[in-house]
Amino acid sequence: MIPNFRFMANSEKHSITLQVNGHPYQLELLPWVSLLDALRENISLTGTKKGCDHGQCGACTVLIDGKRKLSCLTLAVMQEDVAITTIEGIAAEGNLHPLQQAFIDKDAFQCGYCTPGQICSAIGLLNENKANTREEVQDLMSGNLCRCGANKGIINAVMAVKQSISHE
Amino acid sequence: MPNQQSMSNEPSIGQPISRLEGYHKVTGTAKYAGEYNAPDLLYGYIVNSSITKGKIKSIDTTEAKKMSGVVEVFTHENRPSTAWFDFQYADMDAPPGTVFKPLKDNDIQYNGQPIALVIAETFEMARYAATKMQIVYEEEEFETDLNASLDLVRKPKKGLASLLKPPPPKPTGDFEKVYQDSFVRVDNHFSHGTEHHNPLEMYASTVIYEGNGKLKIYDKTQGTINSQLYVANVFGLKMKNVQVISPFVGGAFGSGLRPQHQLFMAVMASLALKRHVRVTLDRAQMYLIGHRPPTLQHLKFGADQRGKLNAIYHKAIGETSQFEDYVEIVVNWSNMLYPAENVRLEHEIVPLDVYSPLDMRAPGGSTGMHAIEVTMDEIAYKLQIDPLELRLINYSEIDKSSDKTYSSKELRSCYLQGAEKFGWDKRNPAPRSMRRGHKLVGYGMATGIWDANRIFGRAQAIMTPDGKVEIKSAVTDIGTGTLTIMTQIAADTLGMSIEDITFSYADSKMPFAPIQGGSFTTATIGPAVQNACHALNKKLFKLAKNIKGSVLSSSKLQDVIFKDGFISLKNNLDQKISILEIFQEHGGEAIKTTNSAMPNPLTYGKKAKAVHSAVFVEVEVDEELGTIEVKRAVTAVAAGKIINPKTAESQILGGMIWGISKALHEETILDHQFGRYMNANLAEYHIPVHADIQDLEVLFVDEEDHFVNDLGVKGVGEIGGVGIPPAITNAIFHATGRRIYELPIHFDKLL
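So the sequence lines, in the order shown, correspond to chains A and B.
Counting the first sequence from 1 gives a position; the numbering used here is that position plus 53.
Counting the second sequence from 1 gives a position; the numbering used here is that position plus 3.
Worth flagging that the hints you see were computed from the coordinates, not collected in a lab.
Each hint should be verified, as a subset may be incorrect.
[What the hints assert, rightly or not] Taking lysine to any residue and the SDA-like style, the derived pairs with C-alpha atoms no more than 20 Å apart in a straight line are: (1) B:LYS634 to A:ILE157; (2) B:LYS34 to A:ASN74; (3) A:LYS183 to B:VAL692; (4) B:LYS34 to A:LEU193; (5) B:LYS311 to B:THR175; (6) B:LYS610 to B:LEU166.
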């Protein structure tokens, strides 16, 4: 079902500034543009993926002030004055984040389409510090679907990084 | 000539090399079809029919067109003309019949049929304007229920597609008589519902309008040349003016074997408006582009006292659309595995008012093998023979259905190694005999089989003066690891390191590759890459010989090795000529060669060729709630040479998870009152999440095969999913004593 957008279609464009991966982006947007579409279509940061546009698959997960959020379920105009991190901002100066490297090493993807969301979600999960066991990690990563069936590799990758952190 | 010229000390084939495109996939720099931006790109949104069958009486686009930013609305009334003839719409995977043509006329043949395309300057406006269409329909009676329409059952038409999907073999022996006289008889009916591919990336085509009838298209597809052919034929364009590129494909599982509607729509709009256009489907529309058909099966197996099968009857009835006769190979498998003498196999279809079904991961095999292997389990119980023992009693080195020996078949090793790894011997055979607290524990096993095919493919090898090599083929990599594997094959054939090879792919301008499906890509494109590399070596050697005073002048190709930028004599490695020197003599031009590979038509059909697996599963069933968990599973696979154990393991694991999903989770439910899928979204179409996936293990048994192709590869794309659903069903029986014949098995079926 397509929601009734009449109100938003008749609205004026808003001038907003999004802080994405440490850079300010000035945009003129109608209020009905989701953060996901703003990132992909207006800033050309297509690393954040659209798998359902309904908050059901997790492919669009980004970090907002370090917390994982579904960018398809929030409007861009609501996300000023917060720090948005997308998959493009995870590798610091060309060095892969340990999770990114672990995803490669553990073959935690096949087609790669859910991968940015899985990685952002896993970083958010590590920040939350709630999941202690493999079962808890599996549970708290379950909002991120993978249709290729790379689940084992994904959880292996998250567990490897989690363990390396706890050993530090 | 298997790897004759390669003497590399460390062959890359057999090494668990990480995916070469991994960096792009973990950093978000991997770009998929709907992610190519262009100046002033237009966005298209497809409007779907809300009725199942009838006519569009009127379609009023006035209001939609008035919306600010809406550029055009295409319907059957104003669409540009396209090709006349049916065959011009046929793609490489088209079943016999009439290909569906979007916006052809006002006829509605299935619910959700695309009936208009709104083009606007933004995605949001296109989607919004789509709600402003005023459409009046004239509805007709329709039928979408397979069970209610069995009186319409008929034999499928044959066509080109029947080549890769042969009809069941003719009956042998006297099934009825031998079955009636059998010591043990099992007579079972099976069914499963509709399933949808649901790749996580939604279908998208970005069409870059380059002027003068030239298009560059970023398309989500499993065949760049398939899409190119379709666009050129349908829109009357020259093949050379249509370039289709699909560097990254966000999952497909068969759904990209045919050009999808968004490709037609985006190309139509781009040509009409002379603009860059992107059309992306939304998730609900992903349920309107093909599906695994709901299928009914009837099996009657007869066996003697020792468990030897002597009579097999297997009939399948699958759903299809009113316009194409879709079939899959459901019933051919049992006699390929078990050498019964009296066999009757039948496959029929029922045309309904739905869109055409479409090959979906292990099409037919995962359907048929479920019924076959559950029936085998029942025979084992009736005779009180261990289910694994029953498979060994019926083991055959030949494919009885064709009376051909297998080119290789290490299924016995799969059974034995898989059973050992799993701990099958710890199983108490009595149902409901094993438990863990309030959970019933069940062990189940099953066999898997899939064809090992290869067809025609091409590849080009180009060596540049820096000694580096680029390999090109139009083949896609849908997450299968094709890029990595082809690079490994090229490196080993050339005696080079993978760092010096670039594999360029997924572009229709490159040498021919068929659609990527059916587990035949590595066996088809791999040998083409190998042939191109051999030919390149030959060219280099010839040039090296012709250099004045060449130390190789009197040697033959088999006397030399190619390694580390030199061609050297095998028996005197100091006698060598550098690649650099060859290029200097050659005038510094790149050296190119394009080569084909295909099976030898005289010999290829003389043997049966298949991959096999043995699957062992442990389930836990909550005695009170009926909830089912797959605690662990082991799949042992015999699939010839494994080029890359890392990516191959992932392929099998993915298949296993598809098997778990088919057995316990996924199903699309049609409301036959409306003719519409009711759960067309990822919240209500259940697939396994991380929490559902526990201890899964894969092991590859050694299998040498010099017949299938020079690489000895068979393909691992489908086999992982074939044996899991029956193994789970059998484990549930072992746990609960309840035999369930319908998939998926949800807890309510156990209450």
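Hint compliance check: list the failing hint numbers for this structure, sorted ascending.
1, 4
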